[in-house]
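Please arrange chain P on chain S, whose structure you already have, making use of the hints.
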Amino acid sequence: MTLALDAFSLVAILLGLVFFAAGTAGLLRFPDASSRLHALTKADHLGLGLIVLGLLPRAEAVGGPARLIAVWLLVLVSSAAAGPLLARLARRQ
Amino acid sequence: MIADALIAAAILAVALATVAARGGFTAVALFIAYGLLLAFAWVRLGAMDVALTEAAIGAGLSGALLLGAASRVARHPVTTDRPPGRAMTAAIALGCGGVAVALAAAMLLLPDPAPTLAPSVAANLGTTGLGNPVAAVLMSFRGLDTLLESAVLVVAVIAAWSLAPEGGWGGVPGPAQPVVGDGPLALLARLLPPLGILVAVHVLWIGKDAPGGKFQAAAILAAMWMLAWMAGRASPPSVRSRSLRIAVAAGPTLFITVGLLGWLTQGAFLAYPPGLALPIIMVVEVALTASIAAALALLVLGPPERRA
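Going down the list, the protein sequences come from chains S and P.
Residue 93, in UniProt numbering, is where the first sequence stops; the numbers in between run on with no holes.
Residue 308, in UniProt numbering, is where the second sequence stops; the numbers in between run on with no holes.
Calculated directly from the structure, the hints in this document are not laboratory data.
The structure displayed is predicted, hence computed values, not measured ones.
Hints may contain errors.
Cβ pair distances, simulated, as ranges [unchecked claim]:
| id | chain 1 | residue 1 | chain 2 | residue 2 | range |
| --- | --- | --- | --- | --- | --- |
| 1 | S | Leu89 | P | Leu36 | 15 to 25 Å |
| 2 | S | Arg91 | P | Ala100 | 42 to 52 Å |
| 3 | P | Gly95 | S | Leu73 | 46 to 56 Å |
| 4 | P | Gly167 | S | Leu15 | 52 to 62 Å |
| 5 | S | Leu3 | P | Ser62 | 39 to 49 Å |
| 6 | P | Thr116 | S | Leu89 | 48 to 58 Å |
Beta carbons: idealized from backbone N, C-alpha and C, even for Gly.
Next up, chain S with everything else stripped away, as it sits in the complex:
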């Protein structure tokens, strides 16, 4: 059981890291602000979500998983709001 959980954590966190690497590559390589923001926010949402998913079985029982999910939701809200704000600013300039 622990082995299966460890394998689950490993796969989820590695997948999350792949999304972060892809998002960073997109940020560096994409030509304009909108596509860069698109790469960045997608990577943040999915990559962080997968890492949080992988860490859930390892979190301490009292409030640990809830805090991890709260961190993910807060990052979701803030980058979902910051992305469009930056995109509007970039379009105006």
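For chain P alone, coordinates are given in the frame of chain S:
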């Protein structure tokens, strides 16, 4: 080990990039990244309290202040009379190099094991009623340092206000913000403040037994106020407002009063009566949080520049 080496290398690289950056805005963006990396380093060293403060104050709040300064400087470019000559450049390089060498020497010449007061703090932790040794040092054993740290913020607000332009005195601090009806900013300004206030109260309260405390909580509270302000939903009061002035000064004033009472009743400034240390410390912490939050937000807002 590899992670530590990577973090150390990244800190050095970002620090160099910050110094070498041409534009003010780029330098500030890199400085914020530098602060966040530094917070990582503190986590790796097991200093959670320092990491939280570095992330909240060092990267977050200082970053916001520097961004404001960078945009003001960009609007009114400073023209230097003449670029520094070769002798001046050499003197600056020599001075900076000297400071770096002296710091490195001081670090390398520390005796091994380094002198520490940690055992005496651990032995006397019980007298404060606190579970977090960092909070005990900040509020009891070295309470005077914390008192001065919070009092200097009041002086900083007075200094920022004294930069009011002609005709600005008595007005409202900071530029006017139009009300944002809908869109992402309006959503954030409605959604985040209740959550942020809850998190700040949590961070303040667990500070007595775990990493957290007033400065981190105050930075979160100030950020929530700034968010509502940016969306045009919370206009700051005029600098003439008595309640605003009381809010800024109340925490340090209460701390000084507690210190003087300790001097009168216990014979030492900031000495707490036995058994009452924890309640007194928590009351002072709550009052300081409110004052620090108001002061930090007012520093971000800047001098009063428009009529109320």
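Going through the hints against the structure:
Evaluation of the 15 to 25 Å hint for Leu89(S) and Leu36(P) yields a pass: the beta carbon distance comes to about 22 Å. In this structure the supplied range 42 to 52 Å holds for Arg91(S) paired with Ala100(P), their Cβ-Cβ distance being about 44 Å. Checked against the given bound of 46 to 56 Å, the beta carbons of Gly95(P) and Leu73(S), roughly 48 Å apart, stay inside it. Taking the beta carbon of each, Gly167(P) and Leu15(S) are about 59 Å apart, inside 52 to 62 Å as hinted.
Restraint check, Leu3(S) to Ser62(P): a C-beta distance of roughly 46 Å satisfies the suggested window 39 to 49 Å. Between Thr116(P) and Leu89(S) the Cβ separation comes to about 49 Å, which falls inside the hinted range of 48 to 58 Å.
No hint from the list above goes unmet by this structure.
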